[in-house]
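Participant: So you can see what is in the structure, the chains are spelled out below.
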Amino acid sequence: MGGGGFTAEPHNPALDDFILSLARAREPRILFLPTASGDPNGQIAAFRSTFGERACHARHLSLFRLEQDPHDLRALILSQDVIYVGGGSMRNLLAIWREHGLDAIMREAWESGVLLAGLSAGGMCWFAHGITRSTGRPEPAPALGFLPGSLSVHYDGDPIRRPAFLDAIARGAIPDGYGADDGVGLLFEDSELVRVVASRPGTHAYRVQRQTVDGAQTVLETQLEPELLAAAASVRSRDVPDDIREFRAERYGAAARRR
Amino acid sequence: MEAGNGLLDEYVLACTGVEHPKVCFLPSASGDADHYIVRFYRAFSPSRCEPSHVSLFRRDKGAGLGCDLAEHLLDQDLIYVGGGSVVSLMGVWRAHGVDEVLRECWRRGVVLCGLSAGSLCWFSESVTAFHGPPQRVAGLGLLPYSNCVHYDGEPARRESYHRFLSEGMAPGYAAGDGTALHFRGESLAHVVSSRAKASAFWVEEAGDGLLEEALPVRWLGASRRLSVA
Numbered sequence: 432m433g434g435g436g437f438t439a440e441p442h443n444p445a446l447d448d449f450i451l452s453l454a455r456a457r458e459p460r461i462l463f464l465p466t467a468s469g470d471p472n473g474q475i476a477a478f479r480s481t482f483g484e485r486a487c488h489a490r491h492l493s494l495f496r497l498e499q500d501p502h503d504l505r506a507l508i509l510s511q512d513v514i515y516v517g518g519g520s521m522r523n524l525l526a527i528w529r530e531h532g533l534d535a536i537m538r539e540a541w542e543s544g545v546l547l548a549g550l551s552a553g554g555m556c557w558f559a560h561g562i563t564r565s566t567g568r569p570e571p572a573p574a575l576g577f578l579p580g581s582l583s584v585h586y587d588g589d590p591i592r593r594p595a596f597l598d599a600i601a602r603g604a605i606p607d608g609y610g611a612d613d614g615v616g617l618l619f620e621d622s623e624l625v626r627v628v629a630s631r632p633g634t635h636a637y638r639v640q641r642q643t644v645d646g647a648q649t650v651l652e653t654q655l656e657p658e659l660l661a662a663a664a665s666v667r668s669r670d671v672p673d674d675i676r677e678f679r680a681e682r683y684g685a686a687a688r689r690r
Numbered sequence: 020m021e022a023g024n025g026l027l028d029e030y031v032l033a034c035t036g037v038e039h040p041k042v043c044f045l046p047s048a049s050g051d052a053d054h055y056i057v058r059f060y061r062a063f064s065p066s067r068c069e070p071s072h073v074s075l076f077r078r079d080k081g082a083g084l085g086c087d088l089a090e091h092l093l094d095q096d097l098i099y100v101g102g103g104s105v106v107s108l109m110g111v112w113r114a115h116g117v118d119e120v121l122r123e124c125w126r127r128g129v130v131l132c133g134l135s136a137g138s139l140c141w142f143s144e145s146v147t148a149f150h151g152p153p154q155r156v157a158g159l160g161l162l163p164y165s166n167c168v169h170y171d172g173e174p175a176r177r178e179s180y181h182r183f184l185s186e187g188m189a190p191g192y193a194a195g196d197g198t199a200l201h202f203r204g205e206s207l208a209h210v211v212s213s214r215a216k217a218s219a220f221w222v223e224e225a226g227d228g229l230l231e232e233a234l235p236v237r238w239l240g241a242s243r244r245l246s247v248a
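Here the protein sequences line up with chains L and C, keeping their order. First residue of the first sequence: 432, per the working numbering; consecutive thereafter. First residue of the second sequence: 20, per the working numbering; consecutive thereafter.
Derived from the structure by calculation, the hints contain no laboratory data. The C-beta atom is built at its ideal place from N, Cα and C for all residues, glycine as well. Careful, some of the hints might be misleading.
Covered stretches of chain C, as calculated for chain L (at least 3 residues, CB under 8 Å) [what the hints assert, rightly or not]:
1) 43–51
2) 106–116
Computed far set for chain C versus chain L, every beta-carbon distance over 12 Å [to be verified]:
3) 35
4) 58
5) 60
6) 74
7) 77
8) 126
9) 133
10) 159
Start from the sequences, fold in the hints, and give me the full structure.
Facilitator: Encoded structure:
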């Protein structure tokens with residue numbers, strides 16, 4: 432996502448519901464990783480308030496608080512249906528994941544069919560390259576490379592990121608890729624782009640390719656029209672169904688019923 | 020930054036030998052937790068020093084600095100590293116080149132200090148129990164020893180440290196809560212504490228077993244026992 436979901440647009444759940452709808456399980460397990468922002472409580476609370484009300488098993492992983500809540504990271508991640516990565520500093524995100532061996536675990540998860548999602552740094556991290564502002568000014572940076580090519584987020588929202596992206600592609604510093612406005616999500620199956628969706632009207636994604644015109648290196652930017660997600664309708668359809676409520680009450684007792 | 024006990028804060032400020040030292044806080048090990056940054060500014064108020072902090076998670080917002088990161092760190096009298104995850108700390112530092120900048124700070128005589136993860140990071144190797152079972156983690160290696168913190172409070176960590184030493188970890192220093200190991204260059208110069216009961220040890224594998232040598236600790240509060248007769 433170029434920006435969107437509960438952390439970026441708290442009153443518009445369209446993209447979050449879209450992500451849940453992609454999981455095969457009726458009540459998917461979704462794990463939120465706020466690593467890129469240093470695991471701030473605000474993001475975790477926002478995640479809980481958004482996903483706690485939906486038909487899913489929502490939990491988060493704070494790599495900065497493993498002391499209080501230790502996990503077998505590999506088992507936890509591989510047991511999920513959806514991994515949702517928050518925004519922040521992509522450079523820090525990747526560095527911390529590498530230290531914890533999460534880069535390899537994420538690849539294993541992806542290859543075993545776990546849906547990998549995220550916004551901003553959490554969206555770019557899956558590509559070969561992103562445009563990060565982790566050190567201040569926007570600059571190209573390598574990422575995990577599960578998806579080929581590059582991604583620039585906040586394409587409309589951050590005035591200095593797009594020029595840096597276009598420049599890096601024109602120079603050949605990073606491979607061809609995509610730009611995504613705030614509120615736009617790109618869905619890939621394996622490494623193929625299959626859908627472009629948006630939580631708000633008037634937003635776009637772009638295919639950005641290097642080309643040579645009259646001997647000069649330049650870029651071709653092709654606008655991709657997203658499907659506008661119907662937020663209001665999807666909220667109702669993804670509300671916790673009665674039978675699941677009943678099941679939870681039976682299995683987890685009164686505490687679950689309150690949720 | 021102990022609640023209600025500023026003895027170690029006073030001590031590190033005095034180590035700079037500067038009347039109004041420039042002090043920069045690095046809260047990277049906690050993920051730049053806001054409450055921790057606030058605590059730093061409470062403990063290191065502008066009345067006694069020139070405080071600043073660097074948020075490596077928020078450099079897109081300028082990290083609160085008006086200048087280059089390396090330039091800012093090199094310009095300090097004291098760098099204070101907060102606690103948290105030493106594994107994440109080292110990763111983030113390397114990603115931003117802060118590890119190299121801190122080495123240069125050390126060569127130039129900037130006083131480097133920190134607690135918990137902010138202590139482990141200066142040594143060649145350390146024991147962390149932050150991520151579950153205790154594990155070995157490499158630090159910057161400015162001090163060519165191993166380090167173990169919370170040595171008095173966590174028996175599992177102490178046992179693991181002993182095991183790692185028997186498996187070939189470099190000998191080193193263990194510190195209890197409230198104890199500070201003060202090095203000049205690579206040599207231990209003082210051991211001081213903010214609490215009357217505090218401990219520190221030199222620990223090494225001696226061939227026929229483990230040597231744990233208690234180090235004399237000077238309580239910084241002792242000199243304040245004033246009497247009016």
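Participant: Take the hints in turn and mark each one as holding or not.
Facilitator: Each hint, compared with the structure:
1. 43–51: The restraint on the segment 43–51 of chain C holds, since 4 of its residues have a Cβ under 8 Å from chain L and three suffice.
2. 106–116: holds (count 8)
3. 35: At about 28 Å from chain L, residue 35 (chain C) clears the 12 Å cut-off, so the statement holds.
4. 58: Non-interface label stands for residue 58 (chain C): nearest chain L Cβ at 15 Å, farther than 12 Å.
5. 60: holds (18 Å)
6. 74: Per Cβ check, residue 74 (chain C) is inside 12 Å of chain L; nearest 8 Å; violated.
7. 77: Residue 77 (chain C) not clear of chain L: closest Cβ-Cβ about 7 Å, inside 12 Å.
8. 126: holds (23 Å)
9. 133: Label holds. Min Cβ-Cβ 16 Å, cutoff 12 Å.
10. 159: holds (14 Å)
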